[in-house]
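Those sequence lines, one after another, are chains P and Z.
Read in order, the letters of the first sequence are residues 515 to 688 in this note's numbering.
Read in order, the letters of the second sequence are residues 3 to 110 in this note's numbering.
I should point out that these hints are in silico values taken from the structure, not numbers from a laboratory.
No false leads were slipped in.
Example chain P residues on the side facing chain Z (calculated, C-beta under 7 Å, incomplete):
1. Gly541
2. Cys545
3. Asn572
4. Ser573
5. Val588
6. Ala595
7. Ala633
8. Lys643
9. Ile644
10. Thr651
11. Ile667
12. Ala674
13. Ala678
Think about it this way: if two alpha-carbon atoms lie no more than 20 Å apart in a straight line, the pair counts; the simulated SDA-like pairs of lysine to any residue are:
14. P:Lys643 <-> Z:Phe60
15. P:Lys635 <-> Z:Gln11
16. P:Lys643 <-> P:Asn659
For each residue, glycine too, the CB sits at the ideal point set by N, CA and C.
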Amino acid sequence: MMKTLFSADGLVGLLFLFNLIVTVVGGIVACNAERLVRAVIGLVVCFVGVAGIYFFLNSPFIAMMHILIYIGAVAVAISFAIMLAAPEEKMRTGPTSPLSGPIGLISTLLLISGLVSLALKTEWTSVTKINDGSVKTIGIQLLTNHSMVFELISIVLLLAILGALVIARGGREE
Amino acid sequence: MPLLTLYDQLTVYLVIAALLFGMGVYGLITRRTLIGMLIAAELLLAGASINFMAFNRFTAPDPALGQIFTLFIMAIAAAEAAIGLSIVVAFYRHLKSIETADAAHLKG
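Only chain Z is shown next, with the shape it has when bound in the complex:
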């Protein structure tokens, strides 16, 4: 039953990472609110991390390197979320809205 040995193949992980990445791109394009876009960006980062971990497990000679890189991705994602959410809160305090259409006058 090949369906039960899927966890031993690199391509399965690559496919699931591609799916998560695609969902992130879809959310970034279609979301109306800034927080929704931030959630989609987290999905993008999760897809990238799964890619790193999959190559780390199956093809890399040093299996610690990919894990360290994934840790760095997590730290950067946490910093990104903190900054992004504080910008959202400040934006809401000024404009009483979190919609991307209302952010249009921020452009120079």
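Only chain P is shown next, with the shape it has when bound in the complex:
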């Protein structure tokens, strides 16, 4: 089945390719940039691409939550920490030792090639779906099957916020 570039499906495929490129480029900037501020911007770009990937995986709700939580909260918190903690002229962000760059690259390439060959060689089978995975289904399951985890995660978040306040506030001279 051939798909031409200028049909609706072809444009969707083109959008997906663009999404993949955005994700990979953002990730490379995030893990490789000299300055931490640029790394955070790379992280934001990468997360926009990841949200697009979630959109292609039939869950716009998770895509929206990803943008809200990661870009709206985590990336902003990281940039606040950079402004609070890292004076621009003192930042040396290169590798820790001359050996760590090659070691990191080799181990990363081994890991990626292993995971990719695992993904390519396995025969993945698909099954019939028992529901549609809509936001309504997610909400019902969150409050019935997974209600315990749902409550626990809110307690964890509350404790994390309180703990972050306590840790970051200690030692400040008034």
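Keeping the supplied structure of chain P fixed, place chain Z upon it in accordance with the hints.
Coordinates of chain Z only, in the frame set by chain P:
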């Protein structure tokens, strides 16, 4: 043109998740600062979440389960970022540095 139907194959998502995971590991190994390592950890979590969502879309019988799990991963990641960043700020206030080499005397 098979390049335009890539979004319908599980392996593409697995490969992109593996790439993100590898970038996270690379950042964790090579970064000199604590905030850089935290950014790399966020990349790791994003790779894991993409894996969950891909299997959820293509092979799982219950397509709500993977989305719920990804939501939990996001909550844990937010908690991790909050705690980690406050530790970084406290660490900077004590040592005037955010480099991992200066954190060496924290070991027992």
